[in-house]
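Asker: Here's the letter readout for the chains.
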Amino acid sequence: MRRVRAALELLAPVVLVIAVALFGTIVSSSTQTYVITTLVNVVIVVALYIFIGNSGVVSFGHISFVAVGAWTAGILSMPAAEKPAIMPSLVGFLRDTTVGNVPSLALAAGVGCVYALIVGLPLMRLSGLAAGIATFGVLEITHNVLRYWEKIGPGVNTFSAVPETTGLLQACVGALVAVGAAFLYQWSRYGRMLRATREDAAAARAVGVSVYGQRLVAFTLSGAVAGLAGGLYAHLLPVSAESFYLDLTFITLAMLVIGGLTSLWGAVVGAVAVSAVDSFLAEAENGVHVLGGKLDLPSGTRIVVVGALMAAVLILRPQGLTGGREAPLPRALVRGVLTKFSA
Amino acid sequence: MTVDWQTIADAFGLGGMYALMAVGIGLVFGVLRLVNFAYGQLVMAGAYALAFAYERGWPVWVGILLCFGVVVVLSIAMDLVVFRPLRTQTPAVMLVATFAVAFLLQSIALLWFGSLGKIAASLSSLNQPWTIGGVDIRKISIVSTGVAAACLVALVLLLGRTDIGLKMRAAAMDFRTARMLGVRANRVIGTAVVLSGLLAATVAVLMTVQTPLVTPDFALRDTILVLAGVVLGGMNRLVSATLGGFAIGFASGFLGGALPTNQSQYLPSFLFAAVILVLLIRPGGLFTRSGQQAVERV
Amino acid sequence: MSTPALVVDALEVRHGAVHAVRGLSLAVDRGEIVGLIGPNGAGKSSTLHAIMGAVPVAGGDVRLNGRSLVGRKPEDVAHAGIALVPEGRRIFAELTVEENLRLAANGDFAEAYELFPAVEEFRKRHAGALSGGQQQQLAIARALVARPEVLLLDEPSLGLAPRIVDLVFDALQRIRERGIAILLVEQRAQRTVALADRTHVLANGRPRLTLGPEAAGDTDTLVSAYLS
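Protein chains in written order, with my numbering: chain A, 1325 to 1667; chain B, 935 to 1232; chain C, 4 to 231.
To be clear, the hints were calculated from the coordinates, so they are not data collected in a lab.
Fair warning: this is a prediction, and the values are worked out from it, not measured in the lab.
The beta-carbon is built from N, C-alpha and C at its ideal position, and this holds for glycine as well.
Fair warning: there could be bad hints in the mix.
With beta-carbon atoms standing in for the labels, derived distance ranges [as the list claims (entries may be wrong)]:
1) Gly44/C x Trp1046/B: 54 to 62 Å
2) Trp995/B x Val1612/A: 46 to 54 Å
3) Arg1021/B x Ala20/C: 18 to 26 Å
4) Leu230/C x Gly1647/A: 42 to 50 Å
5) Pro1446/A x Gln193/C: 54 to 62 Å
One chain only, chain A, in its complex shape (with noise of 0.2 Å):
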């Protein structure tokens, strides 16, 4: 009967990140590099989720994660011949290295995972404010050591040359090898002991959880597949050190809010919604076809919105759209589907 229930709470967002796949394929290619994007948000905002949400400590770090996986796959995949152009102080082996497509993303979530254990030894004794702060830190260090360091990558320089194989087909992967892993996750032992944590931190500990050791093992997670999404990134435009800073871990976050912090779920449905809305208002920016008139807003007014709607959702409704509760399948259709296979 359990095991229903949890096909069905992976059921959702598969349904989902598939769903969205598929309908770039049948838009204009201009449309589809937004569709594109909303699945390598997918990625980011469901890594957020394994950490923020399962254990209720707010990381405000993860985008560090994002970046060293797009930097490992940016250097990595990048032509030898092309990588002097940009990153002439480039440090011997990263130089000389050339790796293939999949090895690169399966290197960014290695160097993510490792990075996030390096960083979350110290860090995960923290929580509540004092976390805050420290993964702050992280984020800013992260950004200052990757703009400056130009022996480990292009510094101030934006990524060139590097193959462009996140089309459709990769980030749907990806989407749905990062929800693969949060729903493995959450179901696993840890992921149920993480969550004791987050609803009372006393009490789990009073029962043997080790609050520390649970919450490392969710932030490496996490970092894994965030830096996985680094990967898809890289390959996907032409990023800097700019691109992961302060504007993605807003609206990164902004998208786990609105959907709903607590759930695999509310994870995706808050990329898709919000990464929907920012598509659109991106295009109205440049002026787009609306209802027969004409919108054209003004630059800067998408992220007025998205901030706006994130404001309000956490004043009004904290849980965020889905309610921060797991897929809600009709009623019936659950019934019927539990039924049957409990006979």
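The hints should help you fit chains B and C onto chain A, whose structure is shown.
Answerer: This is chains B and C only, laid out in the frame that chain A set:
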């Protein structure tokens, strides 16, 4: 590493400004137990008001008045629209919410004023140096330090000697009991909010002297550093929070001036690494006595 | 017969899903001490907090001089003339004794000092430096300087040495003589029953019994009232 009197004066000036911001944040935290990520936006709004006045060639005192007016009104609006509804939420939600408000205000400024920035240079004469004992020091460094010190003294007197100050101190310790003794919650919160706004406006005036170009992210980096300093110093007491703000401002100003450029690029990293280190060793704060806990407020 | 100063009428208080107080009615008139005793968790503190407006009233009424207090903010209830001496004293340890008093009222502390000379003696010291007994005296003095019509006390004898308890209960007598209405919540059943004009027994949120001072020596009645 070059240390001269200008660097030291700058360090004190920056430390003073950060101390004022720390008090502004700490006052609201004391009565509402809420960390206002968006505090820097108040400074930004004040700076834009000054730019507005400067562009129109209005006299300096009019600009300053406008700055104070705008900031205090915005501060009160923030309290009514954001703080009050959020009072029953967890610290995590409050943190993210004020972060959202900060971003929202910044993006509104971007939309309204554009990214190129406005100039607020009415007091730029303060960048001229005074010659003291044969050494040239920019007037603004000394003025900042002096103004900050004066404000802090005024605050100490207000909190220590007046009726409303006493009520605010009590409310920060134990709001529930204070209310049952007749302390009016709205009055105390309102006073904290207004004072916090006055401090932000003061910082805006001082900051625009050295940074006359006002952009939507004006004071953003400073806010983050001040927040780090406040947490590092000790969130729960006004004194420790202020000392923390001063410390990080002083360190930032000192190292920023003393380090050569290729090292000062990494200054944010050093500062935040130090903050994280302190948070790990003394999560209660550097300047607190062990055993000082925050009292539950209702 | 004029209206009693404080009237609690079929009071109901809920903490989430739990009924803390169910249908409690009592009245306290000027110059009276009314006791409220009962085992832990009986709802005694909840009653006082509900009167002060610190917790919401789920049902029934609370009236001061005939006017309902339900829905008013704690600070308004305080200004209307009800003062609370909270459980655990809740004095502001980092303020001076005098500052603690000034919080409640700005006026003349002479009457309070007369009742509690220890408070006057230490008025410039930080309240945290006082002993438990002295802090309790400060807490009562703080309530008194606001010149309330009604005084609520939440377990004032908790953790105090017997000599200090005597001092406190004596003070309560003298406060009664000044015409203040006193509602005394206590764990020390016998002393309360002996002191008060009448004492209500509360158990599991419900009123069980009302006792007069003559029942102070009757241990059996008291015990059965607690355990019923």
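Asker: List, from low to high, the hint numbers that the structure doesn't satisfy.
Answerer: Going through the list in order, the structure violates no hint and respects every one.
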